[in-house]
Amino acid sequence: MRTGLSATQIVGASLVASHFANALSPRTEIDDSYDFVIVGGGQAGLVLGARLSEDKNHTVLVLESGGNGDDYRKRIDTPAYAYFDSLWTTPLNWDFYTVAQTNADDREIEWPRGKVLGGSSAINGLYMTRPGEDEINAWKDMLGDMDGADNWSWDSFYAAMKKSETFSPPVDDVVQEAGIVWNASNHGTGGPIHTSYPDYTFPEVGYWLTSLANMGIGISANMYGGENLGADVSTSCINPSNWTRSYSRSGYLDPLPDRDNYDVLANAHVTRLVFDNSTSSDKTASAVEYTTDGGATKLKVKVNKEVILAGGSVGSPAVLLYSGVGPKDVLSAAGVDLVSELPGVGQHLQDHFSATVKWSSNVDTAGSIFYDGGKDRNNPKFLTYIDSAVAYVNSTAMYGSKVNEYDSKFLDSIDQYSPNTTYDDGVVTGYKAICNTTSNIFKGPTGQIELLFMNSDGNGDIGITAALQHPFSHGRIYINSSDPMDYPVIDPNYLNNPADSEILLAGIKLARQIGETSPMSGSLTNETSPGSTVQSDDDWIAWLRKEAGTEFHPSSSCAMLPEKQGGVVDANLRVYGLANVRVADASVIPIALSTHLMSSTYGVAEQASDIIREYYNSVSEPEPAFSGAHATTSSSAVGAKKSDSQKSNGGVAAIGGTALSPVLALVLVSVHAVLVYGL
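Per full-length UniProt numbering, the very first residue in the sequence shown carries number 1; after that it's consecutive.
Because the hints were derived from the structure by calculation, they are not lab data.
Please note: incorrect hints may appear among the correct ones.
[Said to hold, decoys possible] Okay, derived cross-link-like pairs now, EDC-like style, lysine to aspartate or glutamate, Cα gap no bigger than 20 Å in a straight line:
id, residue 1, residue 2
1, K402, D537
2, K564, E405
3, K381, D570
4, K298, E29
5, K443, D486
6, K140, D282
7, K56, D372
8, K302, D610
9, K305, D329
10, K546, E110
11, K564, E29
12, K432, D141
13, K56, E614
14, K56, D85
15, K300, E29
16, K509, E547
17, K305, E110
18, K300, D276
19, K328, D424
20, K546, E177
21, K163, D150
22, K375, E177
23, K305, D376
24, K328, D260
25, K402, E502
26, K509, D491
27, K564, D407
28, K564, D31
29, K381, D147
30, K409, D424
31, K305, E614
32, K305, E502
33, K432, D407
34, K328, D610
35, K443, D35
36, K140, D610
37, K546, E527
38, K432, D537
39, K302, D35
Keep in mind that this is a model prediction, so the values were computed, not measured.
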């Protein structure tokens with residue numbers, strides 16, 4: 001605990017605290033119309049709001065179904081609480097479940113998603129990994145000669161991901177104990193989202209890298225530069241200036257100077273898009289309908305230019321469906337009037353399916369320290385710890401010389417396990433195109449299985465997770481009701497194609513092998529799950545069907561593909577058949593990526609912002625995106641329109657009507673973090 005603040009620091013910190021307390025007032029009134037209405041104030045939505053409102057000649061509104069999160073801010077901000085005081089049990093989680101999964105013991109599997117400003121970036125495990133260059137270029141290649149396809153090449157997408165990031169190297173003690181290596185040139189230096197490493201680690205994190213090397217899986221040399229192969233300790237969304245979670249709200253909303261052209265309204269659930277009565281083949285959204293009281297009252301805000309959906313892989317297709325845009329048979333069965341038939345909405349859903357081998361341990365783990373009151377339980381550094389040791393293993397490491405044999409087998413399965421004939425022919429064509437692309441990636445260098453080190457288990461166990469990265473099984477999001485307050489139906493269709501079982505089987509065997517390899521094996525005593533009785537392939541697959549679950553990375557339900565392949569958006573993110581609606585979140589990525597999706601989602605949103613701003617030629621006089629104090633701010637600026645005395649003045653922070661230099665502003669905000677968070 002840091003102590004000894006001077007009187008000047010205390011007074012300055014009080015001014016800062018008072019200033020941010022005034023900024024906490026939520027918006028209770030919004031204007032009748034906006035140029036851009038963004039549906040969803042989650043990870044992508046707040047990026048879009050911040051970037052589009054940089055242009056003073058446009059008005060922007062973000063509507064977020066969840067609250068602002070202020071009542072849970074300490075739990076959001078403290079990295080270790082992602083494990084030890086999970087927000088899954090709070091209203092900040094949508095608390096979705098899948099339908100019973102036929103090939104996973106008929107289980108309804110939990111799908112947590114963030115329902116708060118910042119979305120899932122506020123409640124997730126903070127991993128900030130990146131996809132491989134070959135995956136992103138494969139995405140671009142699937143678009144053919146479509147206008148805008150070059151926006152999704154590796155070079156363009158890599159730049160967009162870096163634009164969101166400010167990277168800080170790990171502290172020396174952590175480097176020495178965990179053996180972390182990094183290449184700063186692969187990271188961003190001026191973005192709103194801070195990436196770094198915890199201020200606390202364990203010897204086993206270093207053992208992870210050594211054990212994998214002893215298995216022939218070396219440390220990744222360029223994981224953040226497009227070579228997604230090998231072992232690593234990943235960066236996490238941590239701001240090392242105050243050791244708090246860095247997420248979409250803290251990066252893209254809280255530090256903004258006042259903008260009279262930008263409003264954010266929390267607790268505003270969008271029910272549908274309202275289209276004009278034009279007979280044009282491309283329908284125009286004239287308004288967005290929403291509710292702030294659970295559906296009892298419906299309100300509308302007019303749209304002058306565009307609606308941008310940023311509700312994620314569940315929310316974005318759901319809004320389209322409840323608005324009458326989607327597969328005709330789904331809408332008819334749900335009792336929703338058809339506005340625009342678009343068979344691909346909700347289709348092509350892909351997710352990473354994963355399972356964990358666990359061992360009891362003879363060493364301190366994060367779980368045993370927290371739950372059993374270990375000596376570092378009250379050490380502030382300990383609460384910065386999160387699991388972040390990973391490895392991406394490609395098909396050669398799993399199958400050796402039999403790669404082509406397995407690839408041929410998986411290719412043969414595509415026709416047999418394509419979506420059933422009640423689906424649109426274009427969706428089936430798209431499924432086959434995605435799976436053929438997946439097969440090409442399978443033969444390449446990019447990881448097919450992600451392995452993760454986990455030591456935060458409540459029982460004090462150490463776990464090693466294997467997660468399938470490129471599923472051949474595709475599911476869908478659909479609705480079975482005309483009431484937009486009802487949850488959509490989630491059917492990821494796990495393990496429908498046996499190829500996924502075989503790949504995950506190879507991965508889970510690797511997970512066990514790591515635990516049996518020195519030096520990691522020296523910290524493990526007894527395999528507690530599944531246990532030594534599981535040995536045969538049949539035993540493993542039966543266990544996977546019983547135990548595996550989501551790795552929390554759904555994508556592709558509004559896929560960017562040609563319309564004839566069941567695509568929902570084109571390369572400029574425009575929804576087919578609609579004149580002024582785009583989608584800009586993880587749902588547009590047409591193939592599952594071998595990575596946690598946070599960095600990729602920031603990349604999609606940054607790229608979308610550039611596409612939209614260029615289209616409207618409105619970047620000649622952009623307002624500075626973020627004021628000088630943004631790096632350490634962690635208090636709210638949600639939806640408040642400040643008085644003139646509170647406005648930023650030429651990039652100089654103003655507190656209580658007094659202009660402060662950027663340096664002093666940074667000092668005061670840092671002191672504020674000391675007082676509020678005890679760090």
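| request: Hint by hint, work out which the structure violates, then give me just those numbers in ascending order. | output: 2, 3, 5, 6, 7, 8, 9, 11, 14, 17, 20, 23, 24, 26, 27, 28, 29, 30, 32, 34, 35 and 38
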